[in-house]
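Peer 1: Order-wise, the sequence lines are chains A and B. Position 79 of the first sequence, counting from 1, maps to 79 under the numbering used here, and the rest follow consecutively. If you count the second sequence from 1, you need to add 1000 to reach the numbering used here.
No lab work stands behind these hints: they were computed from the structure. Just so we're clear, the structure is a prediction, and the values are computed from it rather than from any experiment. Ideal Cβ placement from N, Cα and C applies to all residues, glycine included. Treat the hints with care, as some may be off.
[What the hints assert, rightly or not] Once the Cα atoms are required to be at most 25 Å apart in a straight line, the calculated PhoX-like pairs of lysine-lysine come out as:
hint : chain 1 : residue 1 : chain 2 : residue 2
1    : B       : K1209     : B       : K1259
2    : B       : K1165     : B       : K1032
3    : B       : K1087     : A       : K315
4    : B       : K1045     : A       : K45
5    : A       : K87       : B       : K1110
6    : A       : K87       : B       : K1315
7    : A       : K110      : B       : K1045
[What the hints assert, rightly or not] Ranges between beta-carbon positions, derived for each pair:
hint : chain 1 : residue 1 : chain 2 : residue 2 : range
8    : A       : K190      : B       : E1024     : 51 to 61 Å
9    : B       : E1024     : A       : A285      : 27 to 37 Å
10   : A       : K209      : B       : R1055     : 28 to 38 Å
11   : B       : T1311     : A       : K32       : 53 to 63 Å
12   : A       : K45       : B       : D1106     : 29 to 39 Å
13   : A       : K32       : B       : C1232     : 26 to 36 Å
14   : B       : A1107     : A       : K209      : 36 to 46 Å
15   : A       : D284      : B       : T1063     : 49 to 59 Å
16   : B       : K1021     : A       : K45       : 25 to 35 Å
Protein chains: 2
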Amino acid sequence: MAIIVQKYGGSSVADTEKIKKVAEKVVNTHRKGNKVVVVVSAMGKTTDNLISLARQIHPSPPTREMDLLLSTGELVSVALLCMAIEKLGYEAEGLPGFFAGIRTDDAHTKARIKTVDTRRIIEELKKGKIVVVAGFQGLSPQENITTLGRGGSDLTAIAIAGALKAEICEIYTDVPGVFTTDPNLVPEAKIIPVISYKEMLEMASAGAKVMQSRAVEFAQKYHIPCVVKSTCQENGGTMVTEVDFKEGAIVSSVTLDDKQAKITFFNVPDKPGIAAKIFGALGDANINVDVIVQNVSTSGYTDLSFTVNITDMEKAYEISRKLGQELKCKDVTADNDIAKITVIGLGMMNHPGVAARMFKALADAGVNIEMISTSEIKISCIIRKGEGHKALKAVHQEFIR
Amino acid sequence: MAIIVQKYGGSSVADTEKIKKVAEKVVNTHRKGNKVVVVVSAMGKTTDNLISLARQIHPSPPTREMDLLLSTGELVSVALLCMAIEKLGYEAEGLPGFFAGIRTDDAHTKARIKTVDTRRIIEELKKGKIVVVAGFQGLSPQENITTLGRGGSDLTAIAIAGALKAEICEIYTDVPGVFTTDPNLVPEAKIIPVISYKEMLEMASAGAKVMQSRAVEFAQKYHIPCVVKSTCQENGGTMVTEVDFKEGAIVSSVTLDDKQAKITFFNVPDKPGIAAKIFGALGDANINVDVIVQNVSTSGYTDLSFTVNITDMEKAYEISRKLGQELKCKDVTADNDIAKITVIGLGMMNHPGVAARMFKALADAGVNIEMISTSEIKISCIIRKGEGHKALKAVHQEFIR
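Let's have the full structure, built from the sequences with the hints guiding it.
Peer 2: In structure tokens, the structure reads:
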């Protein structure tokens, strides 16, 4: 008998009426003869409300207590969904993450799953029950409740699907699948029927909020097929799986991320160890750096720019200014008026024309490119924030038909 | 070093400002050189709100899921109080009931504590931390979260105090102690400085909402001294302890309970086994019977009355009507227009004048007595509900000066 793991996000369980609808979907899947494990997030804005409560008490709340606090949101969803399933006449077993065998490290608020002990889940499935697990949470080696970071319920679902060798992991959300770009910005955006883990990963880190990037990594590593689809529609959706070769379409999606900021060091001495010093200091401060560009050196000096998440800009700038003085740079600047536009597609490296087409589309639209960064399956350009929307439309038009 | 257990109820942690005040009290106790374990309830109306959410989904929500749902309220309080303590510069460890070693039976929504495994609490106390435990919850043998019934946080605090052999268990509430009667009804009510477990128990079951009656039973059984006091005042309060003899004042308190209903069987055959049949059937339906009065038999028939909680009246009446037909009674009636007034005091049985004084006070106030029930330390009279307030004032005036 097939095991199906379903994950329902916060918007799918935002109120009691929506929870009843989710219960119907779950029961329908169960009635088709599947063993069903459901992973749920906290209802709608619950997590934000809990964070604001904590801030009223402590400006930077201690992370272990934060995890205990945030874990309650998912418990409420689990209990209510179980009640809704039992109301339909089926047996449900609701499990907090820490009783469902989700063991993590002790990096509170962004813990990593170490193991999934599926004994309890399997035991309840054998009794014919529908198992409902609280997403986003686990248990540290010190027996404290941990959480897995924003979007962590995706990771819970994928990890359970992997550990149970589930047939599929269904990620239910409020959009009907993964789009070629943001349909709110570009109405011509289309749903991508099949996408590879790699592309999905680039999309997640390029700012598309479809699936948590760590969840996609996990799915890829353990070959767990997933489908991203809407809670409201029976069919459609985007299949995320192993795709090694795609004829025809090379670019599968275009994304825009306007939550970036750029730091630039002017006239850095071009010596070994300088980059290591700068990015070592940022890493120590737990700041993720995204795009890094260093210009060709002239007369022993170079300019070095990198982007960080906009929320880290102040901290990154402070660290950079100090380092700039130490390194005797001419100047260090911070700039949050930027956006990052990215095209993503498997096999892009074997089609050198893609980069040229992207740059031409931007030029034709009158958009200036400030930084460029490429990987095996993506090309990102940093542009002015105000030109983001125009750039997105132009590049999408060029590649997606 | 002395261990002190403090319990803060829902009104003491109703908002973040109040939680900060509680943190100060806790830290002050810790700074005096005590090891402190704090037990907290859910914030203000949280539990009621969660119950109403559940009812939107299921008219009679399954109890296991209900417990999972309700347990979240206390977790939020624990996390926020820990943050407030850490904000003051002290280390706190927040523990859900199920990690604090509270093991219960599996009677969901009204579970009984079986054992308290204090290893984790002691380990954290040894590290110099203030331990904050979620009240009202435990873990069943099947590893499901259970709750201990309304007022269950008192029980958690007492049980932990007993298991740790704490010096004292302090029950903080929004009133400055245990009063001789309800001060909202009788302004002359006074605080009782010392009261015995037995009297406290009678008060709890007579409708005074100061401490959960199961918590008082537990405190008595394991000789755990407690004090009931206000969160807002440093001194005062009521000490609940072993008191075997009290000179002078015999009546320590007077209570009024208007949440009672009376069922009467008219003309029941006065044969052995009839009462067993009636109260057996009510017990099977999980209905607690309070006062029972049977009149003297005349010509082989008698009238039998008893009171139940007003919320059980419909169910009790239905069962009684069926039994009444079976037993060929003349009539069975239900009446919720009643109240119960009770005087409580140690050694009352050795002072026969107490009953007479109570009856005279009622008669002088023009209050008719419908039923009388006595125990070793209390006398209860059932009267008309509308006369409750008048009766309470008169009886309090008679005994408390």
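Peer 1: Now, for every hint given, state plainly whether the structure supports it.
Peer 2: For each hint, the structure was consulted:
1. B:K1209 <-> B:K1259: It holds: about 12 Å lies between the C-alpha atoms, which stays within 25 Å.
2. B:K1165 <-> B:K1032: Holds, because 19 Å separates the two Cα atoms, which is no more than 25 Å.
3. B:K1087 <-> A:K315: 22 Å, holds
4. B:K1045 <-> A:K45: 19 Å, holds
5. A:K87 <-> B:K1110: Answer holds: A:K87 to B:K1110 is near 22 Å, not above 25 Å.
6. A:K87 <-> B:K1315: Between A:K87 and B:K1315 the Cα gap is close to 23 Å, so the pair holds against 25 Å.
7. A:K110 <-> B:K1045: The given pair, whose Cα atoms are some 31 Å apart, is violated under the 25 Å limit.
8. A:K190 <-> B:E1024: 51 to 61 Å: 59 Å, holds
9. B:E1024 <-> A:A285: 27 to 37 Å: Check passed, 33 Å falls within 27 to 37 Å.
10. A:K209 <-> B:R1055: 28 to 38 Å: With Cβ atoms ~34 Å apart, the hint holds.
11. B:T1311 <-> A:K32: 53 to 63 Å: 42 Å, violated
12. A:K45 <-> B:D1106: 29 to 39 Å: 34 Å Cβ-Cβ, so the 29 to 39 Å window holds.
13. A:K32 <-> B:C1232: 26 to 36 Å: Violated, since A:K32 and B:C1232 (Cβ atoms, about 59 Å apart) do not stay within the stated range.
14. B:A1107 <-> A:K209: 36 to 46 Å: 44 Å, holds
15. A:D284 <-> B:T1063: 49 to 59 Å: 50 Å, holds
16. B:K1021 <-> A:K45: 25 to 35 Å: Once the Cβ atoms are compared, 28 Å apart, the range 25 to 35 Å for A:K45 and B:K1021 holds.
Hints 7, 11, 13, counting from the list given before, are not met by this structure.
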